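First to last, the sequence lines map onto chains G and D.
Each residue of the first sequence is one higher than the last, beginning at 281 in my numbering.
Each residue of the second sequence is one higher than the last, beginning at 341 in my numbering.
Honestly, the hints are just simulated from the structure, not real lab data.
Just to be clear, a hint being listed does not mean it is correct.
[Unchecked claim] Short derived list, chain D residues pointing at chain G, Cβ under 8 Å: (1) Ala479; (2) Ser483; (3) Ala493; (4) Glu505; (5) Ala577.
The structure displayed is predicted, hence computed values, not measured ones.
We put the beta carbon where it would ideally sit given N, CA and C, even for glycine.
As a plain string of letters, each chain reads:
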Amino acid sequence: MRLGGKTILQGLDLAVTGSGLIAIMGPTGIGKTTLLRVIAGLICPNAGRRRCQARIATIFQDARLLPWQSALDNAAFGLRAGGMSAALARQHASALLERLGLSPEDQVKRPHALSGGMRQRAAIARALAVEPDLLLMDEPFSGLDINLRADLQNLVRGIVDQRKLAAILVTHDPVEAVTLSDRVIVLGGRPAKKLADLPVSPRPRDSADAYAIAADLMRRPEVAAAYNRFGT
Amino acid sequence: MPPVRRALFAALGLFVLVLLWQLAFRLGGPFVMPAPVDAFARALELIRSGAVWRPAAVTTAHVLFGFGLGGMAGLVLGLLSGVNEDLGASLQTISTVLLGIPPIIWIVLALLWFGPRGMVPSFTVAVGVAPVVFAGAIAGMRSSHSEFDELAAAFNAPWRQRFLEIKIPQISVALLPALATALGFAWKMALMAEVLDAGDGIGGAIADARSHLDTTETMAWVIIALVLLLITDLLLARAAQTPTLGT
């Protein structure tokens, strides 16, 4: 994949089937978001093919809510895009928002009147409302404080399990990757290549476990090289 | 700044102005400036007697009519220019030139073209407002935040939804401040034109008072005009409370 005259990604083969969460990990700026954009069908690869038969929904790094609409209308955006009437879309979105922890009073507020966590919840609701087969998440928890992050991480993982979704999570945080995913793919190098593709098995039982597994992951030579500023 | 503090200091500013006015009166005598107290009293009398309504209505009509005409023209041309870059380039040059022409020139030209007691004030307002709204409309069209376009693409939003839910609000955010500026402009231009036209409206009343060397009446009308300007300004400030894109 070339962007702006530079080859960002090269020789990447990725197959996603069934359900479960895949984490795509790598140092910042390596091309993870670019890869996600290719997967979402927002940009076309210069070489190679994208074959996708799933219904996709995206959660962006910045909640990316429309500032002039209420949280409720924002959450219903995807439903309206699919042709649902505004009134029905609001109903569905409202129920979903409430399950995600946004009270009806908060739902009618505009994004600027909501906290970062609430905004991200609205963005999650927007993605889930369309009942996707594949959920794409671009570092959706990176702007949040630790407690909030843990809350939302658990929330999303719970939903992925419950609805048996396939999900791809882009993250630069190895602990987050290990905590949430069933499979970790590490990107590295310039142009970026797949350096590792490992199952997370057994899944971590608690956060200490997650840190330990993440540490092991980081110690693998190919991964260490990717994160090493002075390496390849 | 908390609103009470702000209101207090705003009032202080006004108070200082009135104080300076009083000083001018003391130093120069009633032919230079009437006493503030007299001018305010006359203004109140004008309101009480009902003499204020017709001129105020006429000036308001001039402002609204001119604002409507000029605003429409500016908006349509601005939106078209946002779509077609060649058109935009040509119109922007024209707009800059129009903005550069001092209002007084427009008034003189309008008097020549339309004659007195007619379209002069409305025309002047329209010509003053159009370039400002034009600039705002272009800015709105160009403020394409690709992040929202990406959002729309990510959810496969249809053209109609993109236009109504993203494009139009984006344009409004840039447009409303331009409209507020244009409205302030419009009042000043209308008054200026009316004074020179010496016809109807508040400007006409000012011209009339001036011709009788009645400085008290002149200033009374000025006060009334300022009050009207403040009211419209406040109303538009309310309407322009759009959320910022930074959230």
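Verification of the supplied hints:
The interface hint given for Ala479(D) is violated, since its Cβ lies 17 Å from the closest Cβ of chain G, which is over the 8 Å cut-off. Interface restraint check for Ser483(D): the shortest CB-CB distance to chain G comes to about 13 Å, outside 8 Å, so the restraint is violated. The beta carbon of Ala493(D) is positioned within 8 Å of a beta carbon in chain G (closest approach about 6 Å), and the interface hint is therefore held. The criterion of a C-beta within 8 Å of any C-beta in chain G is met by Glu505(D), whose closest approach is roughly 7 Å, and the hint holds.
Annotation: Ala577(D) was flagged as interfacial toward chain G, and the flag is violated, the nearest CB pair being 18 Å apart, outside 8 Å.
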